[in-house]
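Protein chains: 2
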Amino acid sequence: MEAAVQDALCELSQEVRDLSVAFEVDRVHGAPDPLVFYRNYVSRNVPCIFTNAISHWPCIRRWTNEYLLEKMGDQLVTIDVTPDGRGDAIVSGPDGKPCFVTPLEERVPFSSFLEELCSEKGEAGRVPYASHQNGSFVTEYGPLADDADVEISWATKAFGHGPDAVNLWIGDDRAVTSFHKDHYENLYAVIAGEKHFTLHPPADVYRMYVRDYPKASYVRDEDTTLRIDYGDDLPSTVPWVSVDPDDPGTSDRFPLYDQGPPPLRCVVKAGELLYLPSMYYHHVKQKPDEQGRTIAINFWYDMEFDVKYAYYKLAEKLTGALSAS
Amino acid sequence: MEAAVQDALCELSQEVRDLSVAFEVDRVHGAPDPLVFYRNYVSRNVPCIFTNAISHWPCIRRWTNEYLLEKMGDQLVTIDVTPDGRGDAIVSGPDGKPCFVTPLEERVPFSSFLEELCSEKGEAGRVPYASHQNGSFVTEYGPLADDADVEISWATKAFGHGPDAVNLWIGDDRAVTSFHKDHYENLYAVIAGEKHFTLHPPADVYRMYVRDYPKASYVRDEDTTLRIDYGDDLPSTVPWVSVDPDDPGTSDRFPLYDQGPPPLRCVVKAGELLYLPSMYYHHVKQKPDEQGRTIAINFWYDMEFDVKYAYYKLAEKLTGALSAS
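Sequence order for the protein chains is A and B. Heads up, the first sequence is in full-length UniProt numbering, so the first residue is 1 and it goes up one at a time. Heads up, the second sequence is in full-length UniProt numbering, so the first residue is 1 and it goes up one at a time.
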């Protein structure tokens, strides 16, 4: 029975790609009709890049470092700091065992952040990333509000409601986002630089090796060095994806990862918008523009917890049963 | 592992109902907006009855027997004949074993069919049902074409294409349709009488006991008696649902059938339109109007074979593996 379940999960992964997702991310020119967007992409849980859908936003030509400094000045913003660009990631803990670590969160003047990010003056062992995800574009970057839409009208019409959160992301190629999934429909607009996505549909859960890792966080001691701390509370754990598409050791340690269709890879450039469907595993790298920044604005829309979600839970439960057997 | 798989399938059935389908069929007044219809019902694979969406069709008040006879006269139509109203059903074969039997197909003048259906003169052991499903409304009932729409504009807009077939159904309470599913999105308009549907979402596959049955058909010998015939070819089989919601023996013979949420039951009355989602198991009974007929027009729209279908196949494969283990 184990073999039959394993085979059925592998076939699911293949069938989702054959029937629905295919092997490349569609590129569609211009803003879509809301119904067509919903039918062809949201309902099917299929990603798509829309070119020329946000290219009229003023931010795309306005947001030089000079402009951003002039508008934002010393306004406080939240930044995530790690020694190596890997926050919310599996790293080696102080005891030598893998742990899930969250970044150090700091509130700093925007000007200091941008200087640290883009100049050569940054401290060694400190990678800052403006990636606060609680609606930061609206709450922390008010002076920039006129430069981009705070909702995407055709998406709001398609989903039947406005976005739950709109976040601004400013970083560079040192920051890498490890595989994870969000319980949101995501529209991801790149303003400067490029975002490089590696994607797996939710049905690939059987080969992502989601495991429980002890939870830790980066803390800063007086000497300013970041260190990993498990905290004083009883150790808690976080379920997180074990595979890393950039780690050459992944295939040996997690052999199922390679047994199935290759991941979907896509590059989203300045002026382009990615529809990243709910529950997709995504790993993200970035390439800065000539001013040293990658900037993006993403829109989280509530997802439907419907029949697709119920079916996903079946695949997840079977994966758990196989892993326990 | 068997137990884990069985539990996961049972939980899927419950979760689909809790998250998406619920326990009663929605009733919505008036024709829906195409996007709202797609998002709330098609994408979620959830049935709905639309009241006042087709009530303006002339057929609903025009189609008395007198009018139908005047328009159709002796035009030949295809009817399905069985001894007991059960065509495309599991019955006891001549060897005493269960078989899947298809009805005898006859081409008869419409006037003869209607007389046989509605008068007391019908032969004993002969139940006629106009249920030819290859676009009969258009191909065989041309004189009635002005009395109903041959497409439903908001549905065509939602699905992105017109219907693949539009069929007319004329029968009475003797004809019962056994549980089966179609690979189509189905819009089912009742013109006269009532249709009584018993529904299970596709995720209930694990408790429908789909088994292979020898294929047979009703044939007519010279003495006009219908008998079951396996044909001259090598016996072939048809996979068909074993459970029958009207058979008190079903619970004993197919114990999983009762282990899960109860079926969705709904009555669709004259002037109402049921959206029957693709792949739903449906069992249909009917109640005639005062002139002795139940009349319906159904629209089959091509379904999307997408991620939901791929997930359904997973549940189907696991059901097969459990049944073989």
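Heads up, a few of these hints could be off.
Unchecked claim - Restricting the straight-line Cα-Cα distance to at most 20 Å, the calculated cross-link-like pairs of lysine to aspartate or glutamate (DMTMM-like) are:
#: 1; chain 1: A; residue 1: K317; chain 2: B; residue 2: D173
#: 2; chain 1: A; residue 1: K287; chain 2: A; residue 2: D164
#: 3; chain 1: A; residue 1: K97; chain 2: A; residue 2: D247
#: 4; chain 1: B; residue 1: K317; chain 2: A; residue 2: D247
#: 5; chain 1: A; residue 1: K181; chain 2: A; residue 2: E116
#: 6; chain 1: A; residue 1: K317; chain 2: B; residue 2: D18
#: 7; chain 1: B; residue 1: K317; chain 2: A; residue 2: D172
#: 8; chain 1: A; residue 1: K313; chain 2: B; residue 2: D306
#: 9; chain 1: B; residue 1: K287; chain 2: B; residue 2: D172
#: 10; chain 1: A; residue 1: K313; chain 2: B; residue 2: D173
#: 11; chain 1: B; residue 1: K285; chain 2: B; residue 2: D173
#: 12; chain 1: A; residue 1: K313; chain 2: B; residue 2: D172
#: 13; chain 1: B; residue 1: K313; chain 2: A; residue 2: E316
By construction, these hints were calculated from the structure, which means they are not laboratory data. This structure is a prediction, so every number in the text was calculated from the model and none was measured.
A quick look at each hint next to the structure:
no. : hint              : result
1   : A:K317 <-> B:D173 : violated, 44 Å
2   : A:K287 <-> A:D164 : violated, 27 Å
3   : A:K97 <-> A:D247  : holds, 17 Å
4   : B:K317 <-> A:D247 : violated, 34 Å
5   : A:K181 <-> A:E116 : violated, 29 Å
6   : A:K317 <-> B:D18  : holds, 17 Å
7   : B:K317 <-> A:D172 : violated, 46 Å
8   : A:K313 <-> B:D306 : holds, 17 Å
9   : B:K287 <-> B:D172 : holds, 6 Å
10  : A:K313 <-> B:D173 : violated, 41 Å
11  : B:K285 <-> B:D173 : holds, 7 Å
12  : A:K313 <-> B:D172 : violated, 43 Å
13  : B:K313 <-> A:E316 : holds, 16 Å
In this structure, the earlier hints numbered 1, 2, 4, 5, 7, 10 and 12 are contradicted, and the remaining ones agree with it.
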